[in-house]
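Student: Read off the chains here:
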Amino acid sequence: NAGVTQTPKFQVLKTGQSMTLQCAQDMNHNSMYWYRQDPGMGLRLIYYSASEGTTDKGEVPNGYNVSRLNKREFSLRLESAAPSQTSVYFCASSRAGGSNTGELFFGEGSRLTVL
Amino acid sequence: DAKTTQPPSMDCAEGRAANLPCNHSTISGNEYVYWYRQIHSQGPQYIIHGLKNNETNEMASLIITEDRKSSTLILPHATLRDTAVYYCIVRFPSGAGGTSYGKLTFGQGTILTVHP
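The listed protein sequences derive, respectively, from chains C and G. This note's numbering puts the first sequence at residues 1 to 115. This note's numbering puts the second sequence at residues 1001 to 1116.
Isolated chain C (complex conformation) (with noise of 0.2 Å):
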């Protein structure tokens, strides 16, 4: 099972160069969730769309603009990218429904720089 599937791994862009980070899951889940992690932090969610045509704002939405393509698609994208965007940037997927349910699967990450 391929899971959760980011492309590019690697970017390098030049301040203000456009780009578009794509994941894809084939677990059929309805949640997907886009984090940024910075060297030595915890993840911060950007966005996130609870389910097909749904999306929101997370905790550090500037900068970005997101599309929710269909059920397995879910895209991040930098309209003009800065230095303070270099990043590894995670997406994940969760079902959605029930009462106990959360747990999120990720994927390896994308690692972009921003000279």
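Be careful, since some hints might not be right.
As the list claims (entries may be wrong) - When the alpha-carbon atoms are kept at most 35 Å apart in a straight line, the in silico DSBU-like pairs for lysine-lysine are as follows:
{"#": "1", "chain 1": "G", "residue 1": "K1052", "chain 2": "G", "residue 2": "K1003"}
{"#": "2", "chain 1": "G", "residue 1": "K1052", "chain 2": "C", "residue 2": "K71"}
{"#": "3", "chain 1": "G", "residue 1": "K1103", "chain 2": "C", "residue 2": "K14"}
{"#": "4", "chain 1": "G", "residue 1": "K1069", "chain 2": "C", "residue 2": "K57"}
{"#": "5", "chain 1": "G", "residue 1": "K1103", "chain 2": "C", "residue 2": "K9"}
{"#": "6", "chain 1": "C", "residue 1": "K14", "chain 2": "C", "residue 2": "K71"}
{"#": "7", "chain 1": "G", "residue 1": "K1052", "chain 2": "G", "residue 2": "K1069"}
To be verified - With beta-carbon atoms standing in for the labels, derived distance ranges:
{"#": "8", "chain 1": "C", "residue 1": "S84", "chain 2": "G", "residue 2": "P1008", "range": "21 to 29 Å"}
{"#": "9", "chain 1": "C", "residue 1": "S67", "chain 2": "G", "residue 2": "R1081", "range": "33 to 41 Å"}
{"#": "10", "chain 1": "G", "residue 1": "E1014", "chain 2": "C", "residue 2": "E59", "range": "35 to 43 Å"}
{"#": "11", "chain 1": "G", "residue 1": "P1116", "chain 2": "C", "residue 2": "K14", "range": "38 to 46 Å"}
{"#": "12", "chain 1": "G", "residue 1": "T1026", "chain 2": "C", "residue 2": "G40", "range": "19 to 27 Å"}
{"#": "13", "chain 1": "G", "residue 1": "R1016", "chain 2": "C", "residue 2": "G3", "range": "27 to 35 Å"}
Calculated directly from the structure, the hints in this document are not laboratory data. Think of the CB as a built atom: it goes at the ideal place given N, C-alpha and C, for glycine as much as any other residue.
Since the structure of chain C is provided, determine the placement of chain G on it from the hints.
Tutor: Here is chain G on its own, set in the frame of chain C:
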């Protein structure tokens, strides 16, 4: 979501039990305790979660105190591959409208180093 407090680092000898504590004194009645770990810079991996009863799975055991203000993750026989950052997270399992979404709030976690 309730705030958690974990020691920044711990050591453990290979083959011994690793006991990782977590304080969550402001936890509310419906909040669950989740544990994740992150090996090197890989994506976090779910370990276990619980509400009030102790839980055990193939990876670990979770002991939650009766007042639910603290918990301990136990790795019964730690191996070198268990060296990782361990995150204790407290949250409600379901969001508005009954939709469950995992808006996990990750702190700094505990760096567990397992020594030969």
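Student: Compare the structure with the hints numbered earlier in the document and write down the numbers of the violated ones, lowest to highest.
Tutor: Those not satisfied: there are none.
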